[in-house]
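Protein chains in written order, with my numbering: chain A, 33 to 334; chain B, 20 to 253.
Mixed in with the good hints, there may be bad ones.
[Said to hold, decoys possible] Each pair of labels, with its calculated beta carbon distance range: (1) B:N137 to A:N78: 50 to 60 Å; (2) B:Y245 to A:I274: 36 to 46 Å; (3) B:E167 to A:L145: 32 to 42 Å; (4) B:E53 to A:I274: 38 to 48 Å; (5) A:D196 to B:F106: 31 to 41 Å; (6) A:L145 to B:D227: 50 to 60 Å; (7) B:N116 to A:A261: 37 to 47 Å; (8) A:K65 to B:N137: 50 to 60 Å; (9) B:E53 to A:A311: 31 to 41 Å; (10) B:I38 to A:L145: 53 to 63 Å.
Keep in mind that the hints were calculated from the coordinates and are not lab data.
Even glycine gets a Cβ: it sits at the ideal position worked out from N, Cα and C.
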Amino acid sequence: MACKCNVGLSNTGIPGCVPIQSVTSSLILVPIKANDGTFNRIDLNNLPTWSDLTNEADASKRWFPLPAFENVEQPKADSQFEEAASGKKAFLRQGKRSFTGELWEGDSSPQFLGKLEEARCVKFGIFVIDVEGNLIGSEKGDGFLYPIAVDNASWDPKWAPSTDATVQKIMLGFDWDRLFDEATLSMITSDEAGINFTELEGLIDVIFTNVVPGVLETSLTAKFCYGTAINKLAYGGADQTIDWAIVNDTQVTAFNPDAVLESPVGSGNYTLAHATQIAPADAYTINVAKTGFSGTVSTVAP
Amino acid sequence: MQKDLSVIFEEQIAKINLILTVKDVQGGRIYLCETLHLTLKKLISDSSGNLYKITDFLLNEWIEVIPYAGAPVVFDSQTVKCPEICFFSGAPASINNEYLDKEADTRDKTPLIWLLENYEEDFYGRESSVERKSRFRLFFLDETDEVEWTSKEHHTNVIQPLMNLCDKLVEVFQDDRTFKTVEIFTKIPRVRFGKYVDSHGNERKIIDEDFSGIELAASFEKFKTYKCNILNNC
């Protein structure tokens, strides 16, 4: 931080009951800015519905919580000084803070690695979640809590297979933005937020195959990218009409299917009935509307 | 304020999800993804509270039930509620009296988890982010037919289901991020639990029931919590 003119030392009294963050448990990735140019931040005078943020339809405004980390370390490099031959020092800059942590077992699949790798191409920040479920960000005094900016080029998730002594894991490393002022760190406790932030979960991508469009009904198979090469895990149980949203791109109308049948139950094989809303040759898009999942497929009625 | 270890265990045991999702029902057979601690003669309930008695089961595959106390003949529910878990904490000298005082029917107080006292705990000072390291022995116990059952039946009908319960409790600890991940824990099967010969040469039991089960010997580390009531400034 630069020196201010005409200012003496700061007062150093500290009241009791100053909350401090506990051990880091996980992170929430948030784009620094949305596509509409607005900053993604938390209005401290009007707290949001937290689950809305993880389920936000606009990915540029969405929160992306990561699973719990093991062996988290956040070292800080030494500050840089220029030192004259006389021994006089001039402060140049603080060292960068780095993050390293490991995701173990089911949180360390190569498919998840692929999703993490994509973050390198986005200018984003993090909210830190501690083991008590508090959320830590940057408070700049304007009534908002901002994500801590990340040097996205330093984002480096690495996959490590199981060994005789260790489990499969993803090791994640990155640097905080070098200009980040740690004196702005502040938290929202789980009590204040009304939620334990460790319980927030990211959306799961749903992938569609075997799409058979029709005027009266559409059949499709919905699976996740996780599983084996032969058997991907099925997106089962979305058997309510509100679990799906259909947009008729030709007529510019949106609706829920009239009925949903999953057969057999839990297989991810669905038939969505839409008796009147689709005409021959209409282009339409099917979206997953169930909380916690994200997926879309476009097709054309015969 | 630091909690007593028995309170910590009571809270964690209460977090074990006793509601199991039904995959399919065929006649009296209910297919489940996991059977937790369910075993022969246990009473389960459907989502409306109707009771059914387990007559047979295959671990983590299915249970077979018959209606109990006027429940509908056909089990029609998406969920199965397992019997509650009873928790005791105490020394061997006192556990029997506490167990016998609790309720008359064995079925109403099993399965039980017993925290053996005395356990040991190390507490850490200001420099550490860890509040305590606790070393303990837990016994997961359930009723058996000691006269009729072979050792294999003790394993199939009690020890395996209690192994599920033990794993579930470890999972609960691992899901609670205020605890460090438990890396090493020892499980010891206890077939025909708690028999010993007293100083007069008489065979006695720690608890006057025909129990078998699992002993879990482990330790965990709990992180400090820094919460204070910020609105009341204390």
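Hints, verified against the model:
| no. | hint | result |
| --- | --- | --- |
| 1 | B:N137 to A:N78: 50 to 60 Å | holds, 52 Å |
| 2 | B:Y245 to A:I274: 36 to 46 Å | holds, 42 Å |
| 3 | B:E167 to A:L145: 32 to 42 Å | violated, 53 Å |
| 4 | B:E53 to A:I274: 38 to 48 Å | violated, 29 Å |
| 5 | A:D196 to B:F106: 31 to 41 Å | holds, 38 Å |
| 6 | A:L145 to B:D227: 50 to 60 Å | holds, 56 Å |
| 7 | B:N116 to A:A261: 37 to 47 Å | violated, 59 Å |
| 8 | A:K65 to B:N137: 50 to 60 Å | holds, 58 Å |
| 9 | B:E53 to A:A311: 31 to 41 Å | violated, 47 Å |
| 10 | B:I38 to A:L145: 53 to 63 Å | violated, 33 Å |
Checked against the numbered hints listed earlier, the structure breaks hints 3, 4, 7, 9 and 10; every other hint is satisfied.
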